Amino acid sequence: MAEDDFEPSIIAFCCNWCGYRAADSAGIRNIEYPTGLRIIRIMCSGMIHPNYVIDALTKGADGVIIFGCYREEDLRDLGPTKYKACHYVDGIKKTENRAEAIKLMLEDFGLEPERFRLERIFASEGQRFAQIVKEMSDSLKSLAPNPFKNS
Amino acid sequence: MLNDKGVEEEIKPDVKIGVYVCSCNGSFEKSIDIEPIIDHVRNFPDVVKVEHYKHLCEEEELEQIKEDIKNEIVDRVVVAGCTPSTHEDIMGNILEEAGLNRYLYEHANIREQCSWVHSDMDAATEKAMSIIAMAIAKSRLSEPLIGTEIEIKPNALVIGGGIAGMQVSLDLAQNGFKSYLVEREPELGGRTYGLNTTYPTSNCGICCMHDCKNCKLTPKIEEFYNNPNIEVLTNSEVSKIDGHIGNYAAEVRNKIGDLKKLYVGTIIISTGSKTFDPNKLPEYGYENEDVVTILELEKLHNFRRPSDGKVPETVNFILCVGSRSEKSGNPHCSLVCCNFAIGQAREIKELYPNTNVYVHYMDIRAAYQGFEEFYAEARDMGINFVRGRVAKVEKIGDKLMVRAKDMDMGILLKIKSDLVVLAVGQEPVEGTGQLAKMLNQELDIEGFIKNINPQYRSFEDNGIYSAGCVLGPKGIRHSIEDAKNAAMNAGNLLRKGRIRLSPIKSRVVDANCDGCAYCIDPCLYNALTLIEYNRSGAIKKTVERNEGKCRGCGVCAATCPKKGIYVSHYRPEQISAMIDAALEVA
Chain X
82 MAEDDFEPSI
92 IAFCCNWCGY
102 RAADSAGIRN
112 IEYPTGLRII
122 RIMCSGMIHP
132 NYVIDALTKG
142 ADGVIIFGCY
152 REEDLRDLGP
162 TKYKACHYVD
172 GIKKTENRAE
182 AIKLMLEDFG
192 LEPERFRLER
202 IFASEGQRFA
212 QIVKEMSDSL
222 KSLAPNPFKN
232 S
Chain W
33 MLNDKGVEEE
43 IKPDVKIGVY
53 VCSCNGSFEK
63 SIDIEPIIDH
73 VRNFPDVVKV
83 EHYKHLCEEE
93 ELEQIKEDIK
103 NEIVDRVVVA
113 GCTPSTHEDI
123 MGNILEEAGL
133 NRYLYEHANI
143 REQCSWVHSD
153 MDAATEKAMS
163 IIAMAIAKSR
173 LSEPLIGTEI
183 EIKPNALVIG
193 GGIAGMQVSL
203 DLAQNGFKSY
213 LVEREPELGG
223 RTYGLNTTYP
233 TSNCGICCMH
243 DCKNCKLTPK
253 IEEFYNNPNI
263 EVLTNSEVSK
273 IDGHIGNYAA
283 EVRNKIGDLK
293 KLYVGTIIIS
303 TGSKTFDPNK
313 LPEYGYENED
323 VVTILELEKL
333 HNFRRPSDGK
343 VPETVNFILC
353 VGSRSEKSGN
363 PHCSLVCCNF
373 AIGQAREIKE
383 LYPNTNVYVH
393 YMDIRAAYQG
403 FEEFYAEARD
413 MGINFVRGRV
423 AKVEKIGDKL
433 MVRAKDMDMG
443 ILLKIKSDLV
453 VLAVGQEPVE
463 GTGQLAKMLN
473 QELDIEGFIK
483 NINPQYRSFE
493 DNGIYSAGCV
503 LGPKGIRHSI
513 EDAKNAAMNA
523 GNLLRKGRIR
533 LSPIKSRVVD
543 ANCDGCAYCI
553 DPCLYNALTL
563 IEYNRSGAIK
573 KTVERNEGKC
583 RGCGVCAATC
593 PKKGIYVSHY
603 RPEQISAMID
613 AALEVA
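Chains as they are written, first to last, in my numbering: chain X, 82 to 232; chain W, 33 to 618.
Derived by calculation from the structure, the hints in this document are not laboratory data.
Keep in mind that this is a model prediction, so the values were computed, not measured.
A couple of the hints might just be wrong.
Computed list of lysine-lysine pairs in DSBU-like fashion (alpha-carbon distance at most 30 angstroms, straight line) [claimed, not checked]:
id, chain 1, residue 1, chain 2, residue 2
1, X, Lys-174, W, Lys-431
2, W, Lys-581, X, Lys-140
3, X, Lys-140, W, Lys-595
Covered stretches of chain X (in silico footprint by chain W; criterion: 3 or more residues with CB under 8 angstroms from a CB of chain W, positions within the stretch not fixed) [claimed, not checked]:
id, stretch
4, 122 to 130
5, 141 to 155
In this text, a Cβ means the ideal position worked out from N, Cα and C, and glycines have one as well.
Work out the full structure, taking the sequences as your base and the hints as a guide.
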């Protein structure tokens, strides 16, 4: 496969309320993003056990991204968008704590930190969803291939 | 896999998956080639049927799925097409109509998340295959799920006896449901009770609670105490609430310390708001006796000055005190103060035509029916509306000097005044936060109860509703509307008598759980408890999950180091299988 043909595979865990609907928003507006993205819908981003992320990466995914909801604090900075935050009180905070653990696990597995991202998003942010996926895909292209691929 | 009791259970290998690919009336045949997808999917071992439909939303095509289920051709359904956000429930109903459990259904989103976002046909077709493969992988491991049926206690707890709470109780009573109305003050009626007049209809606040032909909609205080379906608990506060939809246990304590335990099926929060404290803005000189708030003005006899009882010759109203400015108070508009202050200004002008009345405003927000006309009339009556901000109110002799800027004229004004009235806004009342925490309700940025999009309500009901100013600043009319809405929702729940909980909940795998209790604290709904029991002579620790409280977020599942707890329909095997399918090169 030629170098520029390389399409990084990204597993996205999307929470049912914000992440998944943001992907739908991108669809409704026909905003293109790389085809390497595969979305797995879950109820809450807080449901994602660190093992799933490591599992996906060691099975050969080039990157894993978790899309969850915004936190109460983010809303303060973002302005009065008070109708849209985490569906489960503060499930996203649990995800954040877990993201820290995931970053440490990546080190143990000798994987680059760029291979994992946690993003907060609104259901309406289709444009941003596409932007994030594109950014991640580009950054994965610049990395060496996933050492676990085809092993 | 392991079931609840830790017994190894074989998932039947002979599943019969039917895959129905819908091309949404041809909307994505331009970016996805359907035929190769059909051929590809046909090769999957458990797939017994693959069919391409033009428009699955249509009755005849849906009938085909039902026929396949009824004829036992398929026992699991995967639909590839639009997003499950809109169509999953509809398809679930179709399965149930045909006699198949709705959780044996999977949705492959190849429209919003594939064909609509990719223009490269080959890549998009390949991705669509992969998305369908993921859905099949999950479907293969899905199991029929059925939620537990629980009883709904046929009564309600209404917290807060202002006009909203009263209306909720009355409406529930009319529908034959008993409610307990808890109010921390000695009187019912909240702020409305203290109003002389409501605008623009010019009724009186007290009338709102008596038999007044103009305000038929408002709760009548006489009916209240006589209504056998309403138990009023004044001077009381809710100190503790535990339980879940259909079965809440609340402790209510009154001022003399008596404790009452109530068991109710639903709870309505109507604790209201409070008005802004103008002491926080010293420039308005609230420490002077003749500077009053709009609510204090209601209590002045014939609008005479509090200091000496004289008829005021000049009155200045200042609007937006504590509203619409993050720096001085709250960022929100309090909605009712413009109209209310204009009403009061008109009353003064009518009573004392020679009195000069000024209203200092930023914008007049008279957006509701009849308000604009009411405001225009006030201008015609000779009330001076000054657009701009008041810089300072200070006492000079027995007068108040109001220094203000008139933005339209571009001049600074100094107005000698007898009375200054501050149109204070509304903000969250003390205790809203604690109550919200007790009931797992979310707050918005400003500390009001979060006004949840009613669309989400039916989806995942916890039997708690809110009404009135606890959701944000509101007038009487809108509080009443809110209350009627909340009473209707609560009444609908109570009328059911029994409901079936969603089966998407966490489940403890007894064999794997060793009682390490990592999952207990992170649970957002206090649904988990550590228990010990005797298993064949030995003490075994495990976690017990309260089905009513659990909302199925799965935060617990992610904390468990031993696969001891998972969320049904999102089992670890299912997620792993989806990851595998996603990474498989077609």
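Results for each hint:
At most 30 angstroms may separate the alpha-carbon atoms for a hinted pair to count; Lys-174/X and Lys-431/W exceed this at roughly 56 angstroms. For the suggested pair Lys-581/W and Lys-140/X, the alpha carbons sit about 36 angstroms apart, so the restraint of at most 30 angstroms is broken. A C-alpha spacing of about 20 angstroms is found between Lys-140/X and Lys-595/W, which places the hinted pair at or below 30 angstroms, so the restraint holds. Requiring three or more residues with a Cβ within less than 8 angstroms of a Cβ of chain W, the coverage given for the stretch 122 to 130 of chain X holds, as 8 such residues are present.
Counting residues of the stretch 141 to 155 of chain X whose CB falls under 8 angstroms from any CB of chain W gives 3; the rule of at least 3 is met.
In summary, the numbered hints that this structure violates are 1 and 2.
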